[in-house]
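Number of protein chains: 2
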Amino acid sequence: MKKQIAVIPGDGIGPEVTAQSVKVLDAVAARFGHEFSYTYCLMGAAAIDETGSPLPLETIDACLDADAILFGAIGHPKYDNDPSAKVRPEQGLLQLRKALQLFTNIRPVSAYAALRHLSPLKDKQLEGVDFVVYRELTGGIYFGEKTLSADGTEASDGCVYTRAEVERIAHLAFAAARQRRGKLTLVDKANVLETSRLWRRVVQELATQYPDVAVDFLFVDNAAMQLILNPAQFDVLLTENLFGDILSDEASVIAGSLGMLPSASVGKRTALFEPIHGSYPQAAGKDIANPLGSVLSAAMLLDHFGMTEEAALVRTAVDWSVNAPFVSKDIDPVNFYFTSTIGDLLADYVSGRA
Amino acid sequence: MKKQIAVIPGDGIGPEVTAQSVKVLDAVAARFGHEFSYTYCLMGAAAIDETGSPLPLETIDACLDADAILFGAIGHPKYDNDPSAKVRPEQGLLQLRKALQLFTNIRPVSAYAALRHLSPLKDKQLEGVDFVVYRELTGGIYFGEKTLSADGTEASDGCVYTRAEVERIAHLAFAAARQRRGKLTLVDKANVLETSRLWRRVVQELATQYPDVAVDFLFVDNAAMQLILNPAQFDVLLTENLFGDILSDEASVIAGSLGMLPSASVGKRTALFEPIHGSYPQAAGKDIANPLGSVLSAAMLLDHFGMTEEAALVRTAVDWSVNAPFVSKDIDPVNFYFTSTIGDLLADYVSGRA
Ligand SMILES: [Mg+2]
Ligand SMILES: [Mg+2]
Numbered sequence: 002m003k004k005q006i007a008v009i010p011g012d013g014i015g016p017e018v019t020a021q022s023v024k025v026l027d028a029v030a031a032r033f034g035h036e037f038s039y040t041y042c043l044m045g046a047a048a049i050d051e052t053g054s055p056l057p058l059e060t061i062d063a064c065l066d067a068d069a070i071l072f073g074a075i076g077h078p079k080y081d082n083d084p085s086a087k088v089r090p091e092q093g094l095l096q097l098r099k100a101l102q103l104f105t106n107i108r109p110v111s112a113y114a115a116l117r118h119l120s121p122l123k124d125k126q127l128e129g130v131d132f133v134v135y136r137e138l139t140g141g142i143y144f145g146e147k148t149l150s151a152d153g154t155e156a157s158d159g160c161v162y163t164r165a166e167v168e169r170i171a172h173l174a175f176a177a178a179r180q181r182r183g184k185l186t187l188v189d190k191a192n193v194l195e196t197s198r199l200w201r202r203v204v205q206e207l208a209t210q211y212p213d214v215a216v217d218f219l220f221v222d223n224a225a226m227q228l229i230l231n232p233a234q235f236d237v238l239l240t241e242n243l244f245g246d247i248l249s250d251e252a253s254v255i256a257g258s259l260g261m262l263p264s265a266s267v268g269k270r271t272a273l274f275e276p277i278h279g280s281y282p283q284a285a286g287k288d289i290a291n292p293l294g295s296v297l298s299a300a301m302l303l304d305h306f307g308m309t310e311e312a313a314l315v316r317t318a319v320d321w322s323v324n325a326p327f328v329s330k331d332i333d334p335v336n337f338y339f340t341s342t343i344g345d346l347l348a349d350y351v352s353g354r355a
Numbered sequence: 002m003k004k005q006i007a008v009i010p011g012d013g014i015g016p017e018v019t020a021q022s023v024k025v026l027d028a029v030a031a032r033f034g035h036e037f038s039y040t041y042c043l044m045g046a047a048a049i050d051e052t053g054s055p056l057p058l059e060t061i062d063a064c065l066d067a068d069a070i071l072f073g074a075i076g077h078p079k080y081d082n083d084p085s086a087k088v089r090p091e092q093g094l095l096q097l098r099k100a101l102q103l104f105t106n107i108r109p110v111s112a113y114a115a116l117r118h119l120s121p122l123k124d125k126q127l128e129g130v131d132f133v134v135y136r137e138l139t140g141g142i143y144f145g146e147k148t149l150s151a152d153g154t155e156a157s158d159g160c161v162y163t164r165a166e167v168e169r170i171a172h173l174a175f176a177a178a179r180q181r182r183g184k185l186t187l188v189d190k191a192n193v194l195e196t197s198r199l200w201r202r203v204v205q206e207l208a209t210q211y212p213d214v215a216v217d218f219l220f221v222d223n224a225a226m227q228l229i230l231n232p233a234q235f236d237v238l239l240t241e242n243l244f245g246d247i248l249s250d251e252a253s254v255i256a257g258s259l260g261m262l263p264s265a266s267v268g269k270r271t272a273l274f275e276p277i278h279g280s281y282p283q284a285a286g287k288d289i290a291n292p293l294g295s296v297l298s299a300a301m302l303l304d305h306f307g308m309t310e311e312a313a314l315v316r317t318a319v320d321w322s323v324n325a326p327f328v329s330k331d332i333d334p335v336n337f338y339f340t341s342t343i344g345d346l347l348a349d350y351v352s353g354r355a
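Residue numbers (this note's numbering), protein chains in the order written: chain Y, 2 to 355; chain C, 2 to 355.
Hints are supplied without guarantee of correctness; some may be wrong.
The list treats identical chains as interchangeable, and a pair is accepted whether it falls inside one copy or across any two copies.
[Said to hold, decoys possible] With a Cα cut of at most 30 angstroms, we get these calculated DSS-like pairs of lysine-lysine:
| id | residue 1 | residue 2 |
| --- | --- | --- |
| 1 | Lys3 | Lys99 |
| 2 | Lys3 | Lys287 |
| 3 | Lys125 | Lys330 |
| 4 | Lys184 | Lys269 |
Hints were generated in silico from the structure; no laboratory data involved.
Let's have the full structure, built from the sequences with the hints guiding it.
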């Protein structure tokens, strides 16, 4: 298969970790007879430095033309400390999400046996953890009407959802559940919120189209407890934007390292794949960042291409490296491997040379 | 001191656990020369059975006249399984909260060394955990305007906060921080929400009146992570209604047993004290419920009366019973003590007889 991939290395450790994913993707292409071509694009602080804009038009065009986008990270401290800055790196990603209408954020969480000691949870809680959060990304209270009274004494935020907004992400979540263990949990607050009742009605209706998926419902406060008490009970968690923001971040600490976690954002146009970690500027250029979040994002990208076997092989390579252990400094501060070495080892494994 | 206490045993295990608190309060009164008199009131399923209403007028009157309210739990399965029920037990508590204008919910969380094996978190995370959540209880999105379009395709929830609503709870939280370790963390989403920016501005302004309190700010998604990664960093957590609902429930699992956790709801009229656990009908009448959540609520009630030494003695008694261990079946399913026995032992300890 021929595929065009837009690569946005971005800021901080973004370029380093993304380079390892490209190595792995090249190894996949060679082994399975695919042809991946890459268009490198600017976004974030790197783009501001070169063009003045955090999201140059060429980047948008390249992304719209691509079959998928592989993104590293965004953000630079020089903008954090400058409140007068007119453009900020993060605006690039927000604008790109908007241009691509990325309405679903997908975050898988699984616990590696070899990394259990890093998790804040006990081993008992980590046994069998393997779920994915589907978070709505373009609606709800973050994008609702905001008001502030003239005298500054009263503020408001509106939360709106339409049936169509719920349907499109719910279909994605049901389809994912069907490919996984056949369980979908809607997280809402339907005992209190009208928007939650709409979510629940739509999901109950769609459930009849997916008779092989078992659906249950959980209030968001209870979900926040269950994620810690018994995360292994979940398969696909579906929820609205604000609840998803809170719960997917809560869920991200289960695995013991933010450096391990991939994500995908899917919408009406090209899908985007990125590790959940940030640009981590302190580590930039030191070859010590964990490339596995990016490499696992590349595996999601392969799944998105329908390359299931290829994606599975990349995940097996990651398991192998974690168990070896060929891990980065965040995982083992004493006996660690460099970012680039881990990338080489993963590519070798995928090529059948390791 | 003479104090009038309205006692609402409620449903399920409510009466059993509340009876132990009354034993302990009587022991406190005897030892310190106070005079506590109790007015027993109906609320919930027990009230519906006897009067037809989940909150009889006599209960409201007795609560308004009392110096404090000690409440057990509410809810009965016969109403959960009857969607046609016109009155529901839970309405009683909602109506009482409204009548008393209880705008602040206070939930302390601490980790008992003897119960660490019950927590889903590792020992390292539990070291030094001792914080309290101040949750706004009468404003925000739960009480905002709700709409549903005529065709059912669009729903909305409004979230409104006024400066006055933020100020009154913020003052309580600052005062609490001053009595504790002098740290207040406001949890908001001020990078996105207008109401959060109002909360942040008000808290920043009030901070000048409490120069001895260190204030910091945390986004709610980050707070959901930090509560698991490093809960010992917190002293007083202040937040709005929805965030507080999610975070206080998330925090409640840290301690390892919901049966241990007390709460207070404070407002313009009489304050109310209750364990966070529910009516747990399966255990009702078996003398196996954990009375410590209620007894620690009674300790908060004593603090509310300004009886600091008395409250501290009750907490010491609870520590002693947990370490003995004289614990209920939820803590030790094999070698457990009955609810009533634990109450007797605690009263004996308070009396100086244990
Ligand atoms: Mg977040
Ligand atoms: Mg709750």
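**Message:** Taking the earlier hints as the rules, which of them does this structure contradict?
**Reply:** 2
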